[in-house]
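Starting from the known structure of chain A, fit chain B onto it as the hints suggest.
Going down the list, the protein sequences come from chains A and B. Quick note, my numbering runs 86 ahead of the 1-based positions in the first sequence. Quick note, my numbering runs 651 ahead of the 1-based positions in the second sequence.
The set of hints was computed from the structure by calculation and includes no laboratory data. Glycine is no exception: its CB is placed at the ideal position from the N, C-alpha and C atoms. Careful, some of the hints might be misleading.
Computed spacing ranges between beta-carbons, pair by pair [to be verified]:
| # | chain 1 | residue 1 | chain 2 | residue 2 | range |
| --- | --- | --- | --- | --- | --- |
| 1 | B | HIS729 | A | ALA103 | 42 to 52 Å |
| 2 | A | SER131 | B | ALA663 | 18 to 28 Å |
| 3 | B | LEU802 | A | ILE92 | 22 to 32 Å |
| 4 | A | GLU89 | B | SER781 | 20 to 30 Å |
| 5 | A | ALA99 | B | PRO766 | 39 to 49 Å |
Covered stretches of chain B, going by a simulated chain A footprint (3 or more residues, C-beta under 8 Å) [claimed, not checked]:
| # | stretch |
| --- | --- |
| 6 | 656-662 |
| 7 | 666-672 |
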Amino acid sequence: MIEQKIITAERNAALRAAFGELAPRCRELLSMLIADPPPSYAEISATLQIPVGSIGPQRARCLARLRRTRSLSAFMDRETMPARVRSSGGETGA
Amino acid sequence: MRDGWDDDQLLAALGEAVRARQAVPAEFIETAKNAYAWHNIDAELAQLSYDSSRDESRSAALRSEKASIRALTFTSAHFSIELEVTEGSLLGQIIPPREGTIEAQTGAGATTAAPVDEIGFFSIEPVPASPFRLHYRAAEGTDLVTGWITL
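Here chain B stands alone, though its shape is the one from the complex:
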């Protein structure tokens, strides 16, 4: 190695490298902790069962439309959550309808809660930062979380 750093530069680079390792995990650890915080939640998991962006028949049909709305469906054994992503909000429908609350939690740990009305409709504004997941709790004890959602 002929071209390289002198001792001071090498030492400075080493210091930077060691500090970079100390700096990066802070974000990762936070995200990982938040991911695991949901792990032991005693809730039913609703899995993604439909995504309009992966639906070729639909996207082919709508190709001419300017702003197609992204639609997602999450399904568990007893419930499903239908989502529509609009520019400023996340609109949803719980099926079968039950009154309750829904909370969006982002990977960074921010949460936004919104009521679910008696016909099972809810609206979360603004659209949560990706990735996020939804946690739905109904008055009579239903407890449901979705998988992570990246829009």
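Same shape as in the complex, but just chain A:
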């Protein structure tokens, strides 16, 4: 129970640190995507002034960068994440 809480807290800290490593554009986009309730793509498009069609690809790129950040990859290496669902698309190289 406590152990689980500690792991969650560490994971959260790693995720936040990773988020901090991202470029401002990615931080803006991801902030909007994790908002509760999430805004529509139309709202995101209007706020960030990017075409609706590019939100999906940018989302994927930003998340791939998030995975590759030092903070998150270090945490992943240490904690071998529970593979609840195997990544279907595999890693975006690099």
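Frame of chain A; chain B shown alone:
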């Protein structure tokens, strides 16, 4: 990293992480505010000068007793407060005796007030949740706070 989350899971985890940070400090901020609220109180600070649980000679002597009462003493330049923690209450004695009021304030901000009688005795029920501190005010203007107490 081979095993991991797909994009939706990663995004959900990130959202959780960001919200967790927003959620945690609420408690901390409250406790910190309450701690600081006492900071500028114009009162004498009474420091812990005796704690039965750290008194080895006493605990050795009483080891056979079932329910030993925890006794604490707080001392300032002019006063001391002797406390006894029983199961349901906090009994205390102000030395030298002065009539007044005593208030227990917990780290979470809850307060319980009790009168201090003319022989300096008081009783606070139930025992405040730890950590807490006591604030004693006597009619003639004595103002005394103890350090934080964790039982």
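Tested hints:
1. B/HIS729 with A/ALA103: 42 to 52 Å: 51 Å, holds
2. A/SER131 with B/ALA663: 18 to 28 Å: 22 Å, holds
3. B/LEU802 with A/ILE92: 22 to 32 Å: Given a distance of about 26 Å, which is inside 22 to 32 Å, the answer is holds.
4. A/GLU89 with B/SER781: 20 to 30 Å: 24 Å, holds
5. A/ALA99 with B/PRO766: 39 to 49 Å: Given range 39 to 49 Å: holds, Cβ gap about 48 Å.
6. 656-662: Holds, because 6 residues of the stretch 656-662 of chain B bring their Cβ atoms closer than 8 Å to Cβ atoms of chain A.
7. 666-672: With 7 residues closer than 8 Å to chain A, the stretch 666-672 of chain B meets the three-residue bar; holds.
In summary, the structure agrees with every hint in the numbered list given earlier.
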